[in-house]
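Enquirer: Spelled out from the first residue to the last, the chains are:
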Amino acid sequence: QQQVRQSPQSLTVWEGETAILNCSYENSAFDYFPWYQQFPGEGPALLISILSVSDKKEDGRFTIFFNKREKKLSLHIADSQPGDSATYFCAASGNTGNYKYVFGAGTRLKVIA
Amino acid sequence: DAGVTQTPRHEVAEKGQTIILKCEPVSGHNDLFWYRQTKIQGLELLSYFRSKSLMEDGGAFKDRFKAEMLNSSFSTLKIQPTEPKDSAVYLCASSGTATEVFFGKGTRLTVV
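Here the protein sequences line up with chains F and D, keeping their order.
In terms of the numbering used here, the first sequence opens at residue 1 and continues consecutively.
In terms of the numbering used here, the second sequence opens at residue 1001 and continues consecutively.
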């Protein structure tokens, strides 16, 4: 049972473009959505997160757009850099402060210079 | 300030062997998680401890997988007996009160 879905599975963009990574979920009780970035040989690291009471969260070149009604969110990476090439995981939890996350399968991003 | 430390980084086991993976969480963190990561299944929760108490043991992983937390600064994941399908990256993570979840670099297990 896949409660958190991500698309596309892989994405290639040119340097300077905006990469858009999508995520959807099924459980209405989810209210906290972190995005993790993982480089090869490393563990995932928190990139940016959003609470369900917000519809947008920005941190530098990274922006989360959240649509609670449609149970969808997306991560936009503006001015993509080759160093952004990594796998990005969308996660969800049902209780802020409860860090038992459900993870999506990930999107592998490649940024070409 | 040390992050989550996992050892070994790589492990090769023969089918049927018992292996033990180790994790040291961030000092002061109360929550500890073990995940299995594969390309097909992604990140799957194996075990979840809060203040050393086992909160969740991962359902389908119960029969051959056993995680323990003997003290607040050390946890082990035992797989017994290993099977080739257990080949994956095993990630340990920890979090404190109102902090993010920090992951270790993982142990890559290969079962032949």
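Treat the hints with care, since some could be wrong.
As the list claims (entries may be wrong) - Result set (DSS-like, lysine-lysine): computed pairs, CA atoms no more than 25 Å apart in a straight line:
| id | chain 1 | residue 1 | chain 2 | residue 2 |
| --- | --- | --- | --- | --- |
| 1 | F | Lys-57 | D | Lys-1085 |
| 2 | F | Lys-110 | D | Lys-1085 |
| 3 | D | Lys-1085 | F | Lys-68 |
| 4 | F | Lys-72 | D | Lys-1039 |
| 5 | F | Lys-68 | D | Lys-1052 |
| 6 | D | Lys-1015 | F | Lys-68 |
| 7 | D | Lys-1078 | D | Lys-1105 |
| 8 | D | Lys-1015 | D | Lys-1085 |
| 9 | D | Lys-1039 | F | Lys-68 |
| 10 | D | Lys-1105 | D | Lys-1039 |
| 11 | F | Lys-100 | D | Lys-1105 |
| 12 | F | Lys-56 | F | Lys-71 |
| 13 | D | Lys-1039 | D | Lys-1062 |
| 14 | D | Lys-1015 | F | Lys-100 |
| 15 | D | Lys-1066 | F | Lys-110 |
Said to hold, decoys possible - Far from chain D by the CB rule (all over 10 Å, computed), these chain F residues:
| id | residue |
| --- | --- |
| 16 | Ile-20 |
| 17 | Leu-46 |
| 18 | Lys-100 |
| 19 | Gly-106 |
I should point out that these hints are in silico values taken from the structure, not numbers from a laboratory.
Think of the CB as a built atom: it goes at the ideal place given N, C-alpha and C, for glycine as much as any other residue.
Enquirer: Could you run down the list of hints and mark each one as holding or not?
Expert: The hints, checked one at a time:
no., hint, result
1, F:Lys-57 / D:Lys-1085, "39 Å, violated"
2, F:Lys-110 / D:Lys-1085, "29 Å, violated"
3, D:Lys-1085 / F:Lys-68, "38 Å, violated"
4, F:Lys-72 / D:Lys-1039, "23 Å, holds"
5, F:Lys-68 / D:Lys-1052, "35 Å, violated"
6, D:Lys-1015 / F:Lys-68, "46 Å, violated"
7, D:Lys-1078 / D:Lys-1105, "18 Å, holds"
8, D:Lys-1015 / D:Lys-1085, "10 Å, holds"
9, D:Lys-1039 / F:Lys-68, "29 Å, violated"
10, D:Lys-1105 / D:Lys-1039, "16 Å, holds"
11, F:Lys-100 / D:Lys-1105, "19 Å, holds"
12, F:Lys-56 / F:Lys-71, "14 Å, holds"
13, D:Lys-1039 / D:Lys-1062, "21 Å, holds"
14, D:Lys-1015 / F:Lys-100, "31 Å, violated"
15, D:Lys-1066 / F:Lys-110, "37 Å, violated"
16, Ile-20, "20 Å, holds"
17, Leu-46, "4 Å, violated"
18, Lys-100, "5 Å, violated"
19, Gly-106, "6 Å, violated"
The structure fails to meet hints 1, 2, 3, 5, 6, 9, 14, 15, 17, 18 and 19 from the earlier list, while all remaining hints are met.
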